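There are 2 protein chains.
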Amino acid sequence: MSPLIEIILILVSAKVLGELAERSGFPSLVGEISAGILLGPALLGLVVPGETLEIFSDIGIIALLFISGAQLNIRTFSRSEKAGTVTAAGGIAVPFILGMVLGILSGLTLTVSLLIGITLSITSIGISVRTLVDLRQLKSDAGTLIVSAAVIDDIIGILLLSILMALAAGTAAGPAVFLPVLLTIIFLIVVVYAGRRFIPWLFEKTSRAHTHEMPYSAAIIIALATAALAHGVGLHYSIGAFIAGLILGDSIRRDRSLFDSISDFAFGFFVSIFFVYVGLLFPPFTSEVVSVFLIPFVAVAFAGKIIGGYAGSRPFLAGRTAPLLVGIGLCPRGEITLVVAKVALTAGIIGSVLYSSIVLMVLATIISTPFLLTWGFRSMEQARGAR
Amino acid sequence: MSPLIEIILILVSAKVLGELAERSGFPSLVGEISAGILLGPALLGLVVPGETLEIFSDIGIIALLFISGAQLNIRTFSRSEKAGTVTAAGGIAVPFILGMVLGILSGLTLTVSLLIGITLSITSIGISVRTLVDLRQLKSDAGTLIVSAAVIDDIIGILLLSILMALAAGTAAGPAVFLPVLLTIIFLIVVVYAGRRFIPWLFEKTSRAHTHEMPYSAAIIIALATAALAHGVGLHYSIGAFIAGLILGDSIRRDRSLFDSISDFAFGFFVSIFFVYVGLLFPPFTSEVVSVFLIPFVAVAFAGKIIGGYAGSRPFLAGRTAPLLVGIGLCPRGEITLVVAKVALTAGIIGSVLYSSIVLMVLATIISTPFLLTWGFRSMEQARGAR
Numbered sequence: 347m348s349p350l351i352e353i354i355l356i357l358v359s360a361k362v363l364g365e366l367a368e369r370s371g372f373p374s375l376v377g378e379i380s381a382g383i384l385l386g387p388a389l390l391g392l393v394v395p396g397e398t399l400e401i402f403s404d405i406g407i408i409a410l411l412f413i414s415g416a417q418l419n420i421r422t423f424s425r426s427e428k429a430g431t432v433t434a435a436g437g438i439a440v441p442f443i444l445g446m447v448l449g450i451l452s453g454l455t456l457t458v459s460l461l462i463g464i465t466l467s468i469t470s471i472g473i474s475v476r477t478l479v480d481l482r483q484l485k486s487d488a489g490t491l492i493v494s495a496a497v498i499d500d501i502i503g504i505l506l507l508s509i510l511m512a513l514a515a516g517t518a519a520g521p522a523v524f525l526p527v528l529l530t531i532i533f534l535i536v537v538v539y540a541g542r543r544f545i546p547w548l549f550e551k552t553s554r555a556h557t558h559e560m561p562y563s564a565a566i567i568i569a570l571a572t573a574a575l576a577h578g579v580g581l582h583y584s585i586g587a588f589i590a591g592l593i594l595g596d597s598i599r600r601d602r603s604l605f606d607s608i609s610d611f612a613f614g615f616f617v618s619i620f621f622v623y624v625g626l627l628f629p630p631f632t633s634e635v636v637s638v639f640l641i642p643f644v645a646v647a648f649a650g651k652i653i654g655g656y657a658g659s660r661p662f663l664a665g666r667t668a669p670l671l672v673g674i675g676l677c678p679r680g681e682i683t684l685v686v687a688k689v690a691l692t693a694g695i696i697g698s699v700l701y702s703s704i705v706l707m708v709l710a711t712i713i714s715t716p717f718l719l720t721w722g723f724r725s726m727e728q729a730r731g732a733r
Numbered sequence: 347m348s349p350l351i352e353i354i355l356i357l358v359s360a361k362v363l364g365e366l367a368e369r370s371g372f373p374s375l376v377g378e379i380s381a382g383i384l385l386g387p388a389l390l391g392l393v394v395p396g397e398t399l400e401i402f403s404d405i406g407i408i409a410l411l412f413i414s415g416a417q418l419n420i421r422t423f424s425r426s427e428k429a430g431t432v433t434a435a436g437g438i439a440v441p442f443i444l445g446m447v448l449g450i451l452s453g454l455t456l457t458v459s460l461l462i463g464i465t466l467s468i469t470s471i472g473i474s475v476r477t478l479v480d481l482r483q484l485k486s487d488a489g490t491l492i493v494s495a496a497v498i499d500d501i502i503g504i505l506l507l508s509i510l511m512a513l514a515a516g517t518a519a520g521p522a523v524f525l526p527v528l529l530t531i532i533f534l535i536v537v538v539y540a541g542r543r544f545i546p547w548l549f550e551k552t553s554r555a556h557t558h559e560m561p562y563s564a565a566i567i568i569a570l571a572t573a574a575l576a577h578g579v580g581l582h583y584s585i586g587a588f589i590a591g592l593i594l595g596d597s598i599r600r601d602r603s604l605f606d607s608i609s610d611f612a613f614g615f616f617v618s619i620f621f622v623y624v625g626l627l628f629p630p631f632t633s634e635v636v637s638v639f640l641i642p643f644v645a646v647a648f649a650g651k652i653i654g655g656y657a658g659s660r661p662f663l664a665g666r667t668a669p670l671l672v673g674i675g676l677c678p679r680g681e682i683t684l685v686v687a688k689v690a691l692t693a694g695i696i697g698s699v700l701y702s703s704i705v706l707m708v709l710a711t712i713i714s715t716p717f718l719l720t721w722g723f724r725s726m727e728q729a730r731g732a733r
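In order, the protein sequence lines correspond to chains A and B. Heads up: the first sequence begins at 347 in this note's numbering, then just goes up one per residue. Heads up: the second sequence begins at 347 in this note's numbering, then just goes up one per residue.
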């Protein structure tokens, strides 16, 4: 099938199933991921994930995080930094420890138990951010804290992962272990501090360009370049794109038609391809996946993030529902977990049963989180309305 | 180099050189094509055209022709059908005959002379349409006729080409030769007649969707699908996209923010990638390309289209400058000519010197047309102003 036909098929099924989801009262990403599961190797096998679709999907997650960052006010967001760090720490530590304990209790080796802990600790930011956008809750207290914690979660998680990988390889003993940490710190300083002056200055210049679409192109180029820079130092694309969005937010929100146009670029095209791609990544369903390990594993996946996120955010939020929602918002695991599992499978550290359990755990968190968040935010609003 | 880095490099250089071109008084596509020649195998060799970039470029030409079609009124455009057909016929016949005569006079075989005629006869629609958009002359009498003639030129040219190829292959004697003709007729009937009712109906339905970006996504899906259908019957993507744009034009123009948003999707992202890709397709410059044949060949390339286009459009336009501009507007040759030349080179029908001459001819028409059109439209406006 030619790439153009694949993209048409992806967009049509994403939009049809997304619309069905919306009409049933759920965020449209549920329909889009289902479209990917339907079209991909898991079920029909019509579309296979590959390099060409991957770049469309990468631009999708970059556009999603960029526009989400641009919707938030950088000053409001900075204020949630402390709360975000504490919440992220709770949301990483609790599932990591619970996962390791579950592994050891199930009779797995220490290395495999460590790996189980890691697969449970890194949140996939896309699912919750998109759900918050769809529910118009991105700017709520709980919403802002979910995003802030998920960003910091990703930074801490990827640092931990690269340190562990360096240690496991054994070759990089000593100071080299701290290279990813150093690179991340340099990236954050350069982008957040220097970029906060330079990027808006550069962007303002483009509004005086002779080319009509220059501000639009410039915003997209800045998002892609910052994302590529983050990826270059070992972080996920989404972190760079989100920071670029935060920095440019004030300039972009000022021009409503520019904001809407970039928002259409994201949600009307690339973001849908990203979520279908998430669905395409699921391997074929086989009967061998049903293991005794699966049920406690999925339970720990939810319990770990919910307990950790709740405990971490409780001091910063009013009431009990909001911190619970933060915990739920941190539940989705995504591409990073799938990549870790795939690497471990290929290296022979885990077998296909454990691999399938990890994939099903990811699937369970991705599919349930939008439903749980929808339900949670609605009942919080109803409670407010009743008061 | 990762695809994302390639896309960032392409967009940055396209925007910088495009802006420089605009500031020097020329259409920005001149800068964008130069960016491709600079980055690609012709000069620096930093970016190599491949499958992933090709799909971005394909979406670019589809978006360009879709939005150009949407700017024109389908009823006004239909009125120029007869003028377009006569002009297209002139613009194909004259360069074809001149090219064949030149080939025979230069001592080439009949087959090679025929091939020379073909490489001169098919106009590349993208260059002139983009120039007209940049000069805000798309809706002028000459502009509309250029687009209409270029569309019909492409249809006739590709039909001739497929019949010739079938005849040359020898296997498809008899009725099979007329298969492309039949497919094209079926395509035009289905899309123009059935589609003119069905497509706007489908599009109107999307405005009642729960998903906010649905009309935007639907317009893009319709453009891509109609383009893919055209490609499926052997026509160029651009023909399908242009017809889809014409059909949906009334619905899209009604919603200004939708029109602007799709226009940004095109000119702010994909169209720039298309024009850079045009530049990427040029092979490395070597000294062997300078042949005695080159100068008369390039002269015939311009003379053929200008004479044919002028003669064909003279009865339908007032004055002499407008028909001259139509002739100039039909001059650019593009990917189809390059593909024909590449096939002929690979099959051993032509050697590398002749191949390089064809490439340089394409380059000369692509680079000069925007300058010639800019100069022509400006002097026409000045003459009007002086009266």
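No lab work stands behind these hints, which were simulated from the structure alone. One or more hints might be untrue.
Copies of the same chain are indistinguishable here, so a pair counts whether it falls within one copy or spans any two.
Heads up, simulated SDA-like pairs for lysine to any residue below, C-alpha to C-alpha not over 20 Å straight-line [said to hold, decoys possible]:
#1 K428 <-> E727
#2 K428 <-> R660
#3 K551 <-> A732
#4 K551 <-> I535
#5 K551 <-> E368
#6 K428 <-> L691
Predicted model only: the values in this text are computed from it and were never measured.
Hint numbers the structure violates, sorted upward?
Structure breaks hints 1, 3, 4 and 6.
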